[in-house]
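Colleague: Chain by chain, the residues:
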Amino acid sequence: MMSDSTTPPAPGRFRRFRESDFFYAFTRSPVAMASFAVVALLVLSSLLAPLIAPYNPFDPASLNLMNGFTAPLAPNAFTGESFLMGTDDQGRDVFSTILYGMRISLFVGFAAVLFAMVLGITLGLLSGYFGGWVETIIMRAADIQLTFPSILVAMLIFGVAKGVTPVEYRDEMAIWVLIFAIGLSDWVQFARVVRGATLVEQGKDYVAAARLIGQRPTTIMIRHILPNVLSPVLVIATISLALAIIAEATLSFLGVGAPPTQPSLGTLIRIGQGYLFSGEWWILFFPACTLLALALSVNLLGDWLRDALNPRLK
Amino acid sequence: MRRSIAALVLATAALPLEAEEFTWAETTDPQTMDPHAVNSTPVLGFLNNVYEGLVRRGKDMGIEPALATSWEPIGEGEGWRFTLREGVSFHDGAAFDADDVIFSYERAASEAADTRSWFAPVAEVVKVDDHTVDFLTTAPNPIFPGSIANWMMMDSGWAEANGAARPDKENGNFATLNANGTGAFKLTTREPGLRTVLEPFAGWWDEAEHNLTRAELTPIQNPATALAALLSGDVDFINPVPIQDVARLQANPDVKVIQGIEARVIMLGFPHEAEALQYSADVEGENPFADARVRRAVAHAINVPAILQTIMRGNAEPANQLVSPAMDGFTEGLEGYAYDPDAARALLAEAGYPEGFGFGLKCPNDRYLNDEAVCQAITGMLAQVGLRATLDAMPVQNYWPELRADNFDMYLLGWSPGTFDAEHPIRFLAATPNDEKKLGSWNFGGYSNARVDALLPEIQSTIDAGARQAMLDEVARTLADEVAYVPLYVQPLVWGVRSNVELTQRPDNFFLLRWVTLD
Numbered sequence: 005m006m007s008d009s010t011t012p013p014a015p016g017r018f019r020r021f022r023e024s025d026f027f028y029a030f031t032r033s034p035v036a037m038a039s040f041a042v043v044a045l046l047v048l049s050s051l052l053a054p055l056i057a058p059y060n061p062f063d064p065a066s067l068n069l070m071n072g073f074t075a076p077l078a079p080n081a082f083t084g085e086s087f088l089m090g091t092d093d094q095g096r097d098v099f100s101t102i103l104y105g106m107r108i109s110l111f112v113g114f115a116a117v118l119f120a121m122v123l124g125i126t127l128g129l130l131s132g133y134f135g136g137w138v139e140t141i142i143m144r145a146a147d148i149q150l151t152f153p154s155i156l157v158a159m160l161i162f163g164v165a166k167g168v169t170p171v172e173y174r175d176e177m178a179i180w181v182l183i184f185a186i187g188l189s190d191w192v193q194f195a196r197v198v199r200g201a202t203l204v205e206q207g208k209d210y211v212a213a214a215r216l217i218g219q220r221p222t223t224i225m226i227r228h229i230l231p232n233v234l235s236p237v238l239v240i241a242t243i244s245l246a247l248a249i250i251a252e253a254t255l256s257f258l259g260v261g262a263p264p265t266q267p268s269l270g271t272l273i274r275i276g277q278g279y280l281f282s283g284e285w286w287i288l289f290f291p292a293c294t295l296l297a298l299a300l301s302v303n304l305l306g307d308w309l310r311d312a313l314n315p316r317l318k
Numbered sequence: 017m018r019r020s021i022a023a024l025v026l027a028t029a030a031l032p033l034e035a036e037e038f039t040w041a042e043t044t045d046p047q048t049m050d051p052h053a054v055n056s057t058p059v060l061g062f063l064n065n066v067y068e069g070l071v072r073r074g075k076d077m078g079i080e081p082a083l084a085t086s087w088e089p090i091g092e093g094e095g096w097r098f099t100l101r102e103g104v105s106f107h108d109g110a111a112f113d114a115d116d117v118i119f120s121y122e123r124a125a126s127e128a129a130d131t132r133s134w135f136a137p138v139a140e141v142v143k144v145d146d147h148t149v150d151f152l153t154t155a156p157n158p159i160f161p162g163s164i165a166n167w168m169m170m171d172s173g174w175a176e177a178n179g180a181a182r183p184d185k186e187n188g189n190f191a192t193l194n195a196n197g198t199g200a201f202k203l204t205t206r207e208p209g210l211r212t213v214l215e216p217f218a219g220w221w222d223e224a225e226h227n228l229t230r231a232e233l234t235p236i237q238n239p240a241t242a243l244a245a246l247l248s249g250d251v252d253f254i255n256p257v258p259i260q261d262v263a264r265l266q267a268n269p270d271v272k273v274i275q276g277i278e279a280r281v282i283m284l285g286f287p288h289e290a291e292a293l294q295y296s297a298d299v300e301g302e303n304p305f306a307d308a309r310v311r312r313a314v315a316h317a318i319n320v321p322a323i324l325q326t327i328m329r330g331n332a333e334p335a336n337q338l339v340s341p342a343m344d345g346f347t348e349g350l351e352g353y354a355y356d357p358d359a360a361r362a363l364l365a366e367a368g369y370p371e372g373f374g375f376g377l378k379c380p381n382d383r384y385l386n387d388e389a390v391c392q393a394i395t396g397m398l399a400q401v402g403l404r405a406t407l408d409a410m411p412v413q414n415y416w417p418e419l420r421a422d423n424f425d426m427y428l429l430g431w432s433p434g435t436f437d438a439e440h441p442i443r444f445l446a447a448t449p450n451d452e453k454k455l456g457s458w459n460f461g462g463y464s465n466a467r468v469d470a471l472l473p474e475i476q477s478t479i480d481a482g483a484r485q486a487m488l489d490e491v492a493r494t495l496a497d498e499v500a501y502v503p504l505y506v507q508p509l510v511w512g513v514r515s516n517v518e519l520t521q522r523p524d525n526f527f528l529l530r531w532v533t534l535d
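If you're matching them up, the sequences are chains L and W in order.
Just so we're aligned: the first sequence equals residues 5 to 318 in our numbering.
Just so we're aligned: the second sequence equals residues 17 to 535 in our numbering.
Please note that a few of the clues may not be correct.
Covered stretches of chain L (chain W as the covering partner; in silico rule of three or more C-beta atoms under 8 angstroms from a C-beta of chain W) [claimed, not checked]:
(1) 93 to 105
(2) 267 to 279
(3) 299 to 309
Computed list of chain W residues with no C-beta within reach of chain L, every gap over 12 angstroms [what the hints assert, rightly or not]:
(4) 154
(5) 272
(6) 319
Derived by calculation from the structure, the hints in this document are not laboratory data.
Beta carbons are placed, not taken as given, at the ideal position from N, Cα and C, and that holds for glycine.
Please model the entire structure based on the sequences and the hints provided.
Modeller: Dropping the structure here:
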């Protein structure tokens, strides 16, 4: 694909890559650009939700129940108000709720991936660098966790955490517990990839040289090895982001995630599912489309990233 | 070997050719198979297919003979004498006699039983002979036979042999998973939360009206899923139909919607006895709900007509007392608290909470029609007057233990009087909780009013209808004045069946298989 990227990886490659090949590849891929545009639009509009959204759906005092079940762009029979994407069973504006709900979905997704990434990289570096019993313990723990579906692990963690948090703080804690649960169920992939890459890297001369001049293991791991294993991590992080957003939606759909008074996309879909047969399609349709667009474009972006960063495809 | 196969073929051929297998789905699985452990409609309604009482209710809710063939008052209101049916046997073949009645009384009135308060008026139960039993009451009790229609008979020998002589609400015992009644159906499989299978009991004393060969209950918690199962024909009957889907179902020729007004009133309860709120971030060491003005503010803050219009789609009636107008002893002309947020704010300011306060609202999410949505709407309405509720909605198997452990600042409750009489909720919900006298067993908040406590035994023993009604009216007015509860609405009853099913809907929301026929 590219002509000049056969040089072995060296520190600072990522930056140069962005300036040349990477960006060039990006501008040549309509899928990547379209996905990036969708992601950027969704992230921006959720960040600016308080400015864009006509209502604040998280403030129960502002809701008027009589607005419930208003169809999109049609005036409500009682109040005469009209809503871009209609309202749900509580009279919440679906459009505003999607914007605010997407904030939760994105925040949980990013934070959970960050948490999983930090945990996974640390454990992966440790087990790859030291080997021996450190590696055995960490990687066997990873293997055991891989035998359970990650959504099950997340539900288990969520259940335990909910049991130990006092009820009055449960609503505030719910988001953090979600991040913790999804992150903890997702670190294994990072650890495995980082360990593999570390095993390769640490046999190379630059690591041996660093050891010879007497640098400490932590310095070698962070300053020397880590920058060279980051590109596969970046790919996994992007794909994990899509999975984490879906995991959050799944948990909320099952009723164990975000509280009903602060609906995320998954909670909205759960609410809407109850009205599928009765004709109020918009309560389900718009949040589901948003979730689809978000997860799909993040995933496509991740796929493209994997190809673009894969030296074997060049 | 060959002979046994031949025998099998013959035996199969001898079976009736048509197997009328019936499956149904409800949102709530009966918590237990023990008829004395939990006094709730899902349990009692289901077990009425398996167990029977001395009397039972017919299709029109009238009292008719079951395991007793007749009953008559003893002397001048000293009690009631029941003559038992002869030749009745339990599903395991044991004969039913007076000893089983005495045993079932001791079991159902024991401290471990949730049905204990049914026997508050009973002083003693005496076996006269094998088929005659006397119930001596502490005072004349004209409604006693009707009040024990859900008291089900259990075989003493079976219960004792299996270590289930007393019910066990918390941990369960043999009778929690197994059943041995005298009813039209016997329990063949019980897998809690998955499926419960019944088969007709060949030795039933009464003539079978149904034509079923097997019936299976599958709990489906999500009403939309249950509806999908009904439309696809996977189940023959669902209870309830999501209220929002009624209109669409009525247009479908494959299914029928059976609607009625249930006897159940949905209400909010308060922690009258609590020293302090449990889930408040801003009120420390005091309980604002102990002040009647705060409770009145709650009543004024809730826009019941809006809830009925949107969430209930106009299918429910508002309530202003603990019973629906269909019950005996309903109080006419009682005025409820109209929706008036300004009055609510003024009352809160008067009570010393001009800025309102935060608290925790407990709510079931699989027990009543759209219960979670109703609680969410209530949360929003209360927030508009400054009462900031933190909503905690949970499945019913976690809900009752939470309420029993006093873990609430406010809670949602639905009450359907088993006796179809206004006295019933007074005994369970308004009387001061008293284990000794078997009173107030569902009065979680500990509401207590000396006048109500004094009137209750009078109501129970008064035979003159006018005088009785006057006392019921006084209690209803007192409860409304003090806002002991905030009655919200009478729950509608909406069942959905395949069009080839004939069945009977009773206003107590009991689904009885003995009236089901399949085409």
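Colleague: Going through the numbered hints above, which ones does this structure break? Give me the numbers in ascending order.
Modeller: 3, 6
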